[in-house]
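One-letter residues, chain by chain:
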Amino acid sequence: MRVDRRLLALIAVIAVLALFIDGFAYVYRIATNQPLTGPIRGVPTLNIGFLGFSQQIYVHKGLDLQGGTHLELQITQVRTGTIQGARDIAVAIIERRVNSSGYAEAVVRPEGSDRIIVELPGVNLEQAKQILGKTSYLTIWKWEPGTPDASTLQQLNPKDAQKYPGYKPVFTGIDGSMITNASRSTDPTTNLPDVTISFSPKGNDLFCAFTRDRVTHPQGDPQNKLAIFIDKDLVEDANVISEICGGSAIITGGFTAASAQALAIQLNSGSLPGTISIASATEVGATLGASTVKLSLLAGAFGLAIVILFMLLYYRLPGLVASIALLIYAAIALAIFKLFGVTLTLAGLAGFILSIGMAVDANVLIFERLKEELRAGRTLGAAMEAGVHRAWPAIRDSNISTLITCFVLYFFGAPLIKGFAITLAVGVGVSMFSAIVTTQQFLQILAGLRPARRLALYGVQPPAPKAA
Amino acid sequence: MNIVGRRNLYFLLSLAIILPGIISMAFLGFRLGIDFAGGDQYNLTFRQPVQATAVQKEMDTFSVEATVQQAGSNRVLITTRPLSLKEDTAIRNDLAAKFNVDFSQSSIAEVGPTIARELVVGAGGLILIASILIVIYLSIRFNYKFALAAILALLHDVFVLTGIWSILGKVFNSPLGEINTLFVTAALTVIGFSVHDTIVIFDRIRENLRQASRLSFEQNVNLSIIQSLARSLNTSMTVIFVLVALFLISPQNIKGFTLALLIGIVSGTYSSIFNASPLLVVWRRLDPR
Numbered sequence: 001m002r003v004d005r006r007l008l009a010l011i012a013v014i015a016v017l018a019l020f021i022d023g024f025a026y027v028y029r030i031a032t033n034q035p036l037t038g039p040i041r042g043v044p045t046l047n048i049g050f051l052g053f054s055q056q057i058y059v060h061k062g063l064d065l066q067g068g069t070h071l072e073l074q075i076t077q078v079r080t081g082t083i084q085g086a087r088d089i090a091v092a093i094i095e096r097r098v099n100s101s102g103y104a105e106a107v108v109r110p111e112g113s114d115r116i117i118v119e120l121p122g123v124n125l126e127q128a129k130q131i132l133g134k135t136s137y138l139t140i141w142k143w144e145p146g147t148p149d150a151s152t153l154q155q156l157n158p159k160d161a162q163k164y165p166g167y168k169p170v171f172t173g174i175d176g177s178m179i180t181n182a183s184r185s186t187d188p189t190t191n192l193p194d195v196t197i198s199f200s201p202k203g204n205d206l207f208c209a210f211t212r213d214r215v216t217h218p219q220g221d222p223q224n225k226l227a228i229f230i231d232k233d234l235v236e237d238a239n240v241i242s243e244i245c246g247g248s249a250i251i252t253g254g255f256t257a258a259s260a261q262a263l264a265i266q267l268n269s270g271s272l273p274g275t276i277s278i279a280s281a282t283e284v285g286a287t288l289g290a291s292t293v294k295l296s297l298l299a300g301a302f303g304l305a306i307v308i309l310f311m312l313l314y315y316r317l318p319g320l321v322a323s324i325a326l327l328i329y330a331a332i333a334l335a336i337f338k339l340f341g342v343t344l345t346l347a348g349l350a351g352f353i354l355s356i357g358m359a360v361d362a363n364v365l366i367f368e369r370l371k372e373e374l375r376a377g378r379t380l381g382a383a384m385e386a387g388v389h390r391a392w393p394a395i396r397d398s399n400i401s402t403l404i405t406c407f408v409l410y411f412f413g414a415p416l417i418k419g420f421a422i423t424l425a426v427g428v429g430v431s432m433f434s435a436i437v438t439t440q441q442f443l444q445i446l447a448g449l450r451p452a453r454r455l456a457l458y459g460v461q462p463p464a465p466k467a468a
Numbered sequence: 001m002n003i004v005g006r007r008n009l010y011f012l013l014s015l016a017i018i019l020p021g022i023i024s025m026a027f028l029g030f031r032l033g034i035d036f037a038g039g040d041q042y043n044l045t046f047r048q049p050v051q052a053t054a055v056q057k058e059m060d061t062f063s064v065e066a067t068v069q070q071a072g073s074n075r076v077l078i079t080t081r082p083l084s085l086k087e088d089t090a091i092r093n094d095l096a097a098k099f100n101v102d103f104s105q106s107s108i109a110e111v112g113p114t115i116a117r118e119l120v121v122g123a124g125g126l127i128l129i130a131s132i133l134i135v136i137y138l139s140i141r142f143n144y145k146f147a148l149a150a151i152l153a154l155l156h157d158v159f160v161l162t163g164i165w166s167i168l169g170k171v172f173n174s175p176l177g178e179i180n181t182l183f184v185t186a187a188l189t190v191i192g193f194s195v196h197d198t199i200v201i202f203d204r205i206r207e208n209l210r211q212a213s214r215l216s217f218e219q220n221v222n223l224s225i226i227q228s229l230a231r232s233l234n235t236s237m238t239v240i241f242v243l244v245a246l247f248l249i250s251p252q253n254i255k256g257f258t259l260a261l262l263i264g265i266v267s268g269t270y271s272s273i274f275n276a277s278p279l280l281v282v283w284r285r286l287d288p289r
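Quick note, the sequences are listed as chains A and B, same order.
In terms of my numbering, the first sequence opens at residue 1 and continues consecutively.
In terms of my numbering, the second sequence opens at residue 1 and continues consecutively.
Heads up, a few of these hints could be off.
One side only, chain B facing chain A, incomplete, derived with CB under 10 Å [unchecked claim]:
#1 Asn74
#2 Ile108
#3 Gly122
#4 His196
Think of the hints as simulated: they come from the structure by calculation, not from any bench.
As the structure is a prediction and not an experimental result, all values here were calculated from the model.
We put the CB at the ideal spot given by N, CA and C, even for glycine.
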């Protein structure tokens, strides 16, 4: 086998690209005059349109490394509909509450059929409970000539309350407790999406009187409109086309299917869909998270240094090759975590450390074989080729069985286990590339260099000359 | 060096480590983290040295079934029954006022009892599925005897780890020996490593068996172990270097995690050399086909 220039070029390109991605955050911070530590602001997003790929390039740290509160909520005692429906409604409510509280980096997502995960970076458990415990309140208002008074401005978001100059919002007395159900529907004549809501008898009486009064105003006049507020925010400002006394109403107003669905969810969520309890909550102090990161990085660097030292002393020249391959490996793995937004947690770090071990192992396997072949008296080039060739089945089978484990853990495991599986799988994948392609190419370069041909450089005594 | 010949000695050594663990697991069970029992856990750091007994006295006034343990000169670990928001706030304010707690250096967890049970039962199921798939894969690449020996070595490592954890948590009453979600992760890591390590030696046996030689099966296995010994030890040493570094400097809340990894990797290395391959020989004697 010869040195393959194209492969070498590929390795170089990948390594440089990986280093660029790894160092990108620092370059970006310097370029935008941001401090080198602490949260980074306005990270640009990498867009590859035709692949549908869009990702902010920085290490996504899990809450255990970043500090903050992780909550797992459970929905029980659903009043109407399915538990999944209730879960979606609850996700919408919580998302809105969290966002209106100004926690931009928060994550709210459904988990399983009846769970919701909420992650609030930089928030302690007490604050988190207050945010989540707030009740969401739906109210319907009308617009009347005048200016909003101080108490209205306190009750509603001032920007929304002053939407129409010269008009003020007046509470109709209709609130979320009077809506029994809301769902997305379709206008039979125009085929456009709209939202159907059902009222309780009391709600129906009030709504009937309210709409009868509103249709007397021409369309385009704010007094023709029906304003729906949730908590302090105006979520819908729709025209009233006819009086509505049938116990249900249809809200039209240029909806897309998605926005109609969203409104239906919001209307339903004026009253919580069921009982939401905290199944688990973890709070990690911000400094504690940061010191965990620092310690892990320190341990990683220290461990890597010892590994490199050991490889150099034990395997000599090939050890140097392996060390370079290992550094390239670490750079590539880190870049992949950044590119694909893999969230790094303690469990993920464990997976990564294990994969370093496996990356080293592939090299150790090759070098042990290389030594054997050299001791058997083969030439350097032939020994290198045979070393890689004979080490391959062991590397393949051990890594495939690890990948099988990762696969099972990723597809069936809890979130914590998923994080572990994905970092380990990335690590194993990259380490195969590193061991087989990178190390092999570097070894071939060595075989071509005259000063690198002394067997002592490989920790092997030259075979004794055969007796004549 | 005759490793296979002394296999009974090595099996005994494994048993000597596993048996106390199994007895401890059977009679004492585990020290369950709050992930399992449900409750609140405060991992508090103070700005000055503090005595666990003093904190315990203070916590007793709240009657929340609190146990306080020293976790360093200025750290304590408090476990309580599940608390309401009001109780939680009262305790925090009280401790902050009386003991100078540094909340930015602390972690607090609150767990309902269902979650962790699901995680562990789930993890057990996952280990089972993964094991079956690995057995299938190894049966194709090697044969079913190799596959089962690899899985037995894996179970060995799981029992060593969980047994030591039971003893650590229940007999020595150390917070390190707590079963929590991080321990589950560590156990999974060990399983990955164990199979990996075993396969490398099996590969050597497979290769040596293919070559025509006058060696018996037993001699062949022993030769393969010796031939891959340098590699086995070197690889394990590198991982152990990283883990020892991690263990020494890791903060209290993840010390148990790194210790579990360390024990598991050492056990994994031992079982691949001294258990998995000699098992093949035992099997061959019982069933010489």
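Here is how each hint holds up against the structure:
Interface restraint check for Asn74(B): the shortest CB-CB distance to chain A comes to about 13 Å, outside 10 Å, so the restraint is violated. A least Cβ separation of about 4 Å between Ile108(B) and chain A falls short of the 10 Å threshold, and the interface hint therefore holds. Among the interface hints, the one on Gly122(B) holds; its C-beta lies about 6 Å from the nearest C-beta in chain A, closer than the 10 Å criterion. At its closest, the beta carbon of His196(B) sits 4 Å from a beta carbon of chain A; the interface hint therefore holds under the 10 Å criterion.
Violated hint: 1 only; the structure is consistent with all others.
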